[in-house]
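K.L.:
Chains as they are written, first to last, in our numbering: chain F, 2 to 139; chain L, 2 to 139; chain Y, 2 to 139.
FYI, nobody ran anything at the bench for these hints, they're computed from the structure.
Mixed in with the good hints there might be a few duds.
Pairs involving identical chains hold if they fit within one copy or between any two copies, as the list cannot separate such chains.
Only pairs whose alpha carbons sit at most 20 Å apart, straight line, appear in this in silico EDC-like list of lysine to aspartate or glutamate [what the hints assert, rightly or not]:
| # | residue 1 | residue 2 |
| --- | --- | --- |
| 1 | Lys11 | Glu131 |
| 2 | Lys35 | Asp139 |
| 3 | Lys35 | Glu78 |
| 4 | Lys6 | Asp36 |
| 5 | Lys109 | Asp139 |
| 6 | Lys6 | Glu56 |
| 7 | Lys6 | Asp20 |
| 8 | Lys109 | Glu131 |
| 9 | Lys64 | Asp20 |
| 10 | Lys64 | Glu78 |
| 11 | Lys6 | Asp139 |
| 12 | Lys109 | Asp20 |
| 13 | Lys6 | Glu28 |
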Amino acid sequence: MVVTKNLYLKTQGQCDIVDITPRVAKEVSASGVKDGLVTVFVSGSTAGLTTIEYESGLIADFKSLWQRIAPAGLPYEHDGRWGDGNGFSHVRASLLGASLVVPFAGGKLALGTWQQIVLVDFDNRPRSREVVLQIMGD
Amino acid sequence: MVVTKNLYLKTQGQCDIVDITPRVAKEVSASGVKDGLVTVFVSGSTAGLTTIEYESGLIADFKSLWQRIAPAGLPYEHDGRWGDGNGFSHVRASLLGASLVVPFAGGKLALGTWQQIVLVDFDNRPRSREVVLQIMGD
Amino acid sequence: MVVTKNLYLKTQGQCDIVDITPRVAKEVSASGVKDGLVTVFVSGSTAGLTTIEYESGLIADFKSLWQRIAPAGLPYEHDGRWGDGNGFSHVRASLLGASLVVPFAGGKLALGTWQQIVLVDFDNRPRSREVVLQIMGD
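Isolated chain F, as found in the complex (with noise of 0.2 Å):
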């Protein structure tokens, strides 16, 4: 069985992280499917999905790292050549990845109790965002 379905958000852009685990839980539920997995899938190439524990000292730290290891202020040749000034939203939601895999059985996801499943919006703007979940199992 295949259910997909699109959720729409949000986010303020520059690094905003965003709790989507209610929704993604609540899919599954509607679903029906009691063993499988559920793909996430953000569309767009400024964004991407993890988990975290989600407290607002962690969330400070997440983004620290993402200044030191993809800094917004160097120059970057998407800047130069297209003008968005977003080139720093770019490398970093490549690295981060655009899709995260759950598994659940009996209905629920395979999470810790620490562990929430975040999009992470590193757009230089507010954004509307589409995220595919996909529902696959029995």
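On the provided structure of chain F, position chains L and Y as indicated by the hints.
P.N.:
For chains L and Y alone, coordinates are given in the frame of chain F:
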């Protein structure tokens, strides 16, 4: 067909890198599924999964990479609030990712000869870990 | 339904970034599966997979990111032991990851308009690569 299995393992923490390939291969074989994929997922927010050529030089090199890009010695807001001292562990885990998907055909994982599936435990102390294997296919 | 296909491609190594989107889309279309997911997996431990807006500025920017966080010029223990000189290639590949999962519905991949699937070959020489595509769904 969907088969879900849990692997339990003990790690030393501190970027301990554990080769779980034989256990994954064994569960795929035992499942009776011939063609499909195995989703490997670690429950918890201070460990991640990837593949690597499992030899001691690279194990050391990969640890050095993490110390370079997400050093243990920086101030982390997570540590200021919670006192666990493992802020660096969390941000590393979120960057590496909690899931890995490996296809197999004819019962054989699509890994290269020098490519092993590993759990990387970034926590700052020994841990007991639960890794979910979900096997799906025909 | 499960369909497994291998893509064969040649790269220049040295962070060569190859757009494989048309080949993935073609195999999804040829499979006859309408709704499902395609798992893209690279066999080998010196290459990875991700998505990126495939334009020459960003290609250069993404290469610069890798040289910043996992420089080719550092001493690597792998190189001391095996003499391949590609320790940097291995740690980059382990960080980026060997698998990518893309959902599709109605035969159309859930990619954004400016989002391509790419193989990144981190090795220090030209390589022949095998990428496994596994298509699963209805």
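K.L.:
Give a verdict on every hint.
P.N.:
These are the hints, each one checked on the structure:
1. In this assembly of identical chains, Lys11 and Glu131 lie within 20 Å of each other by CA distance solely inside one copy; the values are 9 Å within and 34 Å between copies.
2. For a Cα distance limit of 20 Å, the shortest separation of Lys35 from Asp139 qualifies both inside one copy, at 6 Å, and across copies, at 18 Å.
3. Taking the closest pair of Cα atoms, Lys35 and Glu78 never come within 20 Å of each other, the shortest separation being 47 Å inside a single copy and 38 Å across copies.
4. For the identical chains of this complex, Lys6 and Asp36 are neighbours both inside a copy (17 Å) and across copies (12 Å), given an alpha-carbon limit of 20 Å.
5. In this assembly of identical chains, the alpha carbons of Lys109 and Asp139 lie at most 20 Å apart only when taken from the same copy (13 Å versus 23 Å across copies).
6. Proximity of Lys6 and Glu56 under a CA criterion of 20 Å is satisfied in neither setting, with 27 Å inside one chain copy and 30 Å between copies.
7. In this homomeric assembly, Lys6 and Asp20 come within 20 Å of each other (Cα to Cα) only inside a single copy, at 17 Å, whereas the closest approach across copies is 27 Å.
8. Taking identical chains as interchangeable, the C-alpha atoms of Lys109 and Glu131 lie at most 20 Å apart only when they sit on different chains, with a minimum of 15 Å there against 24 Å within one chain.
9. Within a single copy, Lys64 and Asp20 get their C-alpha atoms as close as 15 Å, which meets the 20 Å cut-off; across copies the closest is 29 Å, which misses it.
10. For the homomeric pair Lys64 and Glu78, the shortest alpha-carbon distance between copies (11 Å) is at most 20 Å, but the shortest distance inside one copy (23 Å) is not.
11. For the homomeric pair Lys6 and Asp139, the shortest alpha-carbon distances inside one copy (17 Å) and between copies (16 Å) are both at most 20 Å.
12. Taking the shortest Cα distances, Lys109 and Asp20 sit within 20 Å of each other inside one copy (17 Å), while across copies they are farther apart (27 Å).
13. Taking identical chains as interchangeable, the C-alpha atoms of Lys6 and Glu28 lie at most 20 Å apart only when both belong to the same chain, with a minimum of 8 Å there against 23 Å between chains.
Consistency with the previously given hints fails for numbers 3 and 6, ordered from lowest to highest.
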